[in-house]
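K.L.:
Here's the letter readout for the chains.
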Amino acid sequence: MSRPAIILKLILGLLWVIIHLTISLFNLWSLLIYNLQCYLISSGLLRKYQYLHLDRLNYLAIVVDSKEAKNTVKIRQLLSWLSTMGVKHICLYDIEGVLKRSFEPFMNGSKDEKARESLDIGASMNHSHYGYKNMVIDCLSGSDGKEGIAKAADLLCSTYFNGETHGNGKKEPKFTEADMASALKAVGCGGPEPDLLLMYGPARCHLGFPAWRLRYTEIMHMGPLKSMKYGAIVKALYNFSQKYQNYGKLLGFSTLNCSPAKSMNSF
Amino acid sequence: MLLSRSLSRTARRTRLQLMDHRRLHAGAGAPPPLALVQSGIRPESLPRHVAVVLDGNRRWAQERGLLTPDGHEAGRRALEHVILLSHAWGIRALTTYAFSQENFRRPKARPSLPWPNFSCTPIGIRVHVIGDPSRRPRSLQDAAREAEEQTRNNSKLHLMLATCYSGRWEIVEACRELARRVQGSLLRPEDIDEQLLAGELRTSAAAGEELSCPDLLIRTSGEQRLSNFLLWQSAYSELYFTDTLWPDFGEAEYLKALSSFQSRERRFGQRTA
Chain A
463 MSRPAIILKL ILGLLWVIIH LTISLFNLWS LLIYNLQCYL ISSGLLRKYQ
513 YLHLDRLNYL AIVVDSKEAK NTVKIRQLLS WLSTMGVKHI CLYDIEGVLK
563 RSFEPFMNGS KDEKARESLD IGASMNHSHY GYKNMVIDCL SGSDGKEGIA
613 KAADLLCSTY FNGETHGNGK KEPKFTEADM ASALKAVGCG GPEPDLLLMY
663 GPARCHLGFP AWRLRYTEIM HMGPLKSMKY GAIVKALYNF SQKYQNYGKL
713 LGFSTLNCSP AKSMNSF
Chain B
6 MLLSRSLSRT ARRTRLQLMD HRRLHAGAGA PPPLALVQSG IRPESLPRHV
56 AVVLDGNRRW AQERGLLTPD GHEAGRRALE HVILLSHAWG IRALTTYAFS
106 QENFRRPKAR PSLPWPNFSC TPIGIRVHVI GDPSRRPRSL QDAAREAEEQ
156 TRNNSKLHLM LATCYSGRWE IVEACRELAR RVQGSLLRPE DIDEQLLAGE
206 LRTSAAAGEE LSCPDLLIRT SGEQRLSNFL LWQSAYSELY FTDTLWPDFG
256 EAEYLKALSS FQSRERRFGQ RTA
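Going line by line, the protein sequences match chains A and B. Counting in the working numbering, the first sequence runs from 463 upward without gaps. Counting in the working numbering, the second sequence runs from 6 upward without gaps.
Hints may be right or wrong, so weigh each one.
Claimed, not checked - For lysine to any residue, the following SDA-like pairs were computed, each having C-alpha atoms within a straight-line distance of at most 25 angstroms:
{"no.": "1", "chain 1": "A", "residue 1": "K471", "chain 2": "B", "residue 2": "G45"}
{"no.": "2", "chain 1": "A", "residue 1": "K647", "chain 2": "B", "residue 2": "D248"}
{"no.": "3", "chain 1": "A", "residue 1": "K688", "chain 2": "B", "residue 2": "R269"}
{"no.": "4", "chain 1": "A", "residue 1": "K691", "chain 2": "B", "residue 2": "L39"}
{"no.": "5", "chain 1": "A", "residue 1": "K697", "chain 2": "B", "residue 2": "L201"}
{"no.": "6", "chain 1": "A", "residue 1": "K705", "chain 2": "B", "residue 2": "R140"}
{"no.": "7", "chain 1": "A", "residue 1": "K562", "chain 2": "B", "residue 2": "R185"}
{"no.": "8", "chain 1": "A", "residue 1": "K647", "chain 2": "B", "residue 2": "L39"}
{"no.": "9", "chain 1": "A", "residue 1": "K697", "chain 2": "B", "residue 2": "T247"}
{"no.": "10", "chain 1": "A", "residue 1": "K705", "chain 2": "B", "residue 2": "R97"}
{"no.": "11", "chain 1": "A", "residue 1": "K636", "chain 2": "B", "residue 2": "S268"}
{"no.": "12", "chain 1": "A", "residue 1": "K510", "chain 2": "B", "residue 2": "G227"}
{"no.": "13", "chain 1": "A", "residue 1": "K532", "chain 2": "B", "residue 2": "P138"}
{"no.": "14", "chain 1": "B", "residue 1": "K261", "chain 2": "A", "residue 2": "K636"}
{"no.": "15", "chain 1": "A", "residue 1": "K705", "chain 2": "B", "residue 2": "P38"}
{"no.": "16", "chain 1": "A", "residue 1": "K550", "chain 2": "A", "residue 2": "A698"}
{"no.": "17", "chain 1": "B", "residue 1": "K261", "chain 2": "A", "residue 2": "N701"}
{"no.": "18", "chain 1": "A", "residue 1": "K636", "chain 2": "B", "residue 2": "P38"}
{"no.": "19", "chain 1": "A", "residue 1": "K471", "chain 2": "B", "residue 2": "Q43"}
{"no.": "20", "chain 1": "A", "residue 1": "K697", "chain 2": "B", "residue 2": "G227"}
{"no.": "21", "chain 1": "A", "residue 1": "K647", "chain 2": "B", "residue 2": "S268"}
{"no.": "22", "chain 1": "A", "residue 1": "K636", "chain 2": "B", "residue 2": "E199"}
{"no.": "23", "chain 1": "A", "residue 1": "K529", "chain 2": "B", "residue 2": "E199"}
{"no.": "24", "chain 1": "A", "residue 1": "K536", "chain 2": "A", "residue 2": "M597"}
{"no.": "25", "chain 1": "A", "residue 1": "K705", "chain 2": "B", "residue 2": "Q267"}
{"no.": "26", "chain 1": "A", "residue 1": "K636", "chain 2": "B", "residue 2": "R185"}
{"no.": "27", "chain 1": "A", "residue 1": "K691", "chain 2": "A", "residue 2": "A467"}
{"no.": "28", "chain 1": "A", "residue 1": "K529", "chain 2": "B", "residue 2": "S268"}
{"no.": "29", "chain 1": "A", "residue 1": "K647", "chain 2": "B", "residue 2": "R173"}
{"no.": "30", "chain 1": "A", "residue 1": "K471", "chain 2": "B", "residue 2": "R185"}
{"no.": "31", "chain 1": "B", "residue 1": "K261", "chain 2": "A", "residue 2": "K536"}
{"no.": "32", "chain 1": "A", "residue 1": "K647", "chain 2": "A", "residue 2": "K529"}
{"no.": "33", "chain 1": "B", "residue 1": "K261", "chain 2": "A", "residue 2": "L494"}
{"no.": "34", "chain 1": "A", "residue 1": "K636", "chain 2": "B", "residue 2": "S190"}
{"no.": "35", "chain 1": "A", "residue 1": "K636", "chain 2": "B", "residue 2": "A257"}
{"no.": "36", "chain 1": "A", "residue 1": "K647", "chain 2": "B", "residue 2": "W174"}
{"no.": "37", "chain 1": "B", "residue 1": "K261", "chain 2": "A", "residue 2": "V479"}
{"no.": "38", "chain 1": "A", "residue 1": "K471", "chain 2": "B", "residue 2": "P38"}
{"no.": "39", "chain 1": "A", "residue 1": "K688", "chain 2": "B", "residue 2": "Q267"}
Think of the hints as simulated: they come from the structure by calculation, not from any bench.
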C-alpha cells in the first residue's frame with residue numbers, strides 16, 4: 463500500500479475514533495444530567511415537581527418485563543413510592559403472570575401470615591383486586607390480553623348463534639364495539655383504560671397489555687426496574703399532568719389537499 | 006483506562022460491522038445503502054415492518070404562519086420520502102396512520118388519502134388501504150380500490166394506508182369475520198383463539214401474517230400514545246416517540262429511529278410453557 467493511502471487510512475481511523483468518543487461523551491453527559499435531575503427532584507429542590515396535580519390520573523398501569531417482575535423488593539418499593547405520591551388505582555401487568563402469582567395468596571385469602579407480612583399487604587378485596595396502603599391494585603397477565611379478546615369473541619359468537627337458532631339463522635352478525643366491551647367484561651377481562659402506562663424493562667414495548675384498554679393511554683418507558691428512581695417517576699407523573707389530549711377531535715379544520723382523480727393516474 | 010477500553014470496543018465493533026456488510030453482500034448484488042452503513046445500522050437487523058403515526062402537520066404549518074393544507078402538503082412530501090427510503094432500505098412493510106375514525110368529530114373534517122405523487126407500480130410497491138370503507142366518501146373508495154387493483158402484483162414493499170381506521174374497529178371486524186365462518190359451519194365458536202383472530206386482522210389480510218405486526222412503531226410530534234392505532238399488533242413493537250413534527254421527519258430522523266430499534270435489547274414476550 464502506498465504512503466498516501468496509509469496516511470489517509472490513519473486519518474479516517476482517527477476521525478472515526480473522535481466521532482465515537484464524542485458520542486460516548488455526550489451519552490455520559492446525558493446520563494449524568496439525568497441522574498442529577500432525579501436527585502434534585504427527590505430532594506424537593508426543584509419547585510415545579512413539589513406539587514403533583516394528579517386529578518387527571520384516575521388509573522395508572524405499570525408494565526414490567528416478566529424477568530424483572532420477580533424482583534418483589536423493587537415492586538414493593540415502587541408501590542410504596544406511588545402510594546406516597548397519591549396514586550389511588552394501579553394496574554400491574556407482566557405477560558407471564560409473575561406479579562399475579564406473587565399476590566395470588568392474598569387474592570385467594572391465604573392464611574400464610576409470613577407471606578402477607580413480607581409483601582406488607584392488607585386484606586384482600588375480591589378476586590382481582592387487593593388493597594395496599596390506600597391504593598387499589600389490579601394484577602393482569604397475558605391471559606387478560608389477547609387471550610381475553612379471543613374468549614370474548616368466542617362468547618359473542620356463541621351467544622349470537624345460540625340466539626339465532628330460533629330464527630332463520632341467516633342474519634349477518636353485527637357486533638359492535640359495545641358488544642365486545644360487554645363480552646370482555648363477561649369473561650372477566652373488562653376494566654378501565656389507564657390514563658398513563660409506565661414500562662419497566664429493557665424493551666420499549668407494552669408486552670401485550672390488554673389491547674382493548676390502550677386507546678389513548680400515555681405511554682412512557684422508564685428503563686430497567688433495578689435502576690428505577692423516585693425522581694424519574696415524579697417527573698413522569700409531572701409530564702403527564704402537563705399533557706393535553708384531544709382524543710382525536712380538534713377545534714380546527716383538518717384535511718389533506720389531495721385529489722383522488724390525480725392520484726388514480728399515479729398508480 | 007475505562008474510556009480507552011470503551012473506545013477500542015467501539016472501534017472494533019465498527020470494523021466488524023463493516024466486515025459483516027462486505028461479507029453479507031459479497032457477490033449478492035447491490036451493497037447496502039451508504040446511509041445505513043454510515044449510521045452503523047446492520048441491514049440484517051432492520052425492522053421488517055415499520056408503522057408510523059403521521060402527527061404534527063397542522064402544528065408545523067402554524068409555526069410557520071402557513072395554512073393547515075400547507076402543513077398537510079408538506080406532510081405528504083415527507084411521507085413520499087419515507088416510502089422511498091423504506092423501499093431502498095429493504096423494509097418489507099410500512100403502515101401509516103392518516104385519518105382515524107375519531108377525526109370525523111373534527112369540524113369540516115374531510116378524509117382523504119395522503120397519496121404519494123409517484124407511481125408505485127414500477128418500483129414494486131403494493132398499496133393496501135385499511136380502515137372502515139363505509140365511512141369513506143365514494144371518490145375515496147374508488148381511488149383506494151383502483152390503487153389496490155393496479156398494484157396487486159407488487160411485493161417488494163407493502164404500503165398500508167390506514168384511513169378511517171380504528172384499532173378497536175379492526176378487532177371487532179375480525180370477530181365478525183370469524184362469526185361469518187361459524188355461520189357457514191367452517192368453524193366452531195370454541196375453536197376461536199388468538200391465532201385465528203390475528204389472522205383476520207386487516208394487516209394480516211393485506212401483508213400476510215408474517216408481516217402483520219410492526220417491529221417498530223414511530224410517532225412524531227412528541228405525543229406518546231397509540232391513539233387507537235394497531236392496538237393488537239403493537240404488543241411487541243418497539244415504540245419510538247420523537248418530538249420532530251411529521252413534515253420535518255426525514256432521512257436523518259428515520260435513521261435515528263432505526264438505530265434506536267437496533268440498539269435496544271429486544272425480547273419478544275415469549276412465555277415459558
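K.L.:
With a cut-off of 25 angstroms on the C-alpha distance, tell me whether K261/B and N701/A pass.
P.N.:
holds, 24 angstroms
K.L.:
Holds or violated: K529/A and S268/B, Cα atoms, limit 25 angstroms.
P.N.:
This hinted pair holds, its Cα atoms lying about 20 angstroms apart.
K.L.:
Between the alpha carbons of K636/A and R185/B, is the straight-line distance 25 angstroms or under?
P.N.:
Given that 25 angstroms is the threshold and the Cα spacing comes to 10 angstroms, the pair holds.
K.L.:
Taken at face value, is the distance from the CA of R185/B to the CA of K562/A at most 25 angstroms?
P.N.:
With Cα atoms ~36 angstroms apart, K562/A and R185/B exceed 25 angstroms; violated.
K.L.:
Compare the distance between the alpha carbons of K705/A and R140/B with 25 angstroms, and conclude whether the hinted pair is satisfied.
P.N.:
violated, 30 angstroms
K.L.:
Given the hinted pair K636/A and S190/B, is their alpha-carbon gap at most 25 angstroms?
P.N.:
Satisfied, since the Cα-Cα distance of roughly 17 angstroms is no more than 25 angstroms.
K.L.:
Taking 25 angstroms as the top limit, are the C-alpha atoms of K691/A and L39/B close enough?
P.N.:
violated, 40 angstroms
K.L.:
Does the structure keep K536/A and M597/A at a Cα separation of 25 angstroms or less?
P.N.:
Judged against 25 angstroms, a Cα distance of about 17 angstroms means the pair holds.
K.L.:
For K471/A and Q43/B, compute the direct alpha-carbon distance and say whether it is at most 25 angstroms.
P.N.:
holds, 16 angstroms
K.L.:
Would the pair K647/A and R173/B pass a check requiring their Cα atoms to be no farther apart than 25 angstroms?
P.N.:
Given that 25 angstroms is the threshold and the Cα spacing comes to 15 angstroms, the pair holds.
K.L.:
Take the C-alpha atoms of K647/A and D248/B, compute the straight-line distance between them, and say whether it is at most 25 angstroms.
P.N.:
violated, 37 angstroms
K.L.:
Given the proposed pairing of K261/B with L494/A, does the C-alpha separation stay at or below 25 angstroms?
P.N.:
holds, 22 angstroms
In summary, the structure is inconsistent with hints 2, 4, 5, 6, 7, 8, 10, 11, 13, 14, 15, 18, 21, 25, 27, 30, 31, 32 and 35 from the numbered list given earlier, while agreeing with the others.
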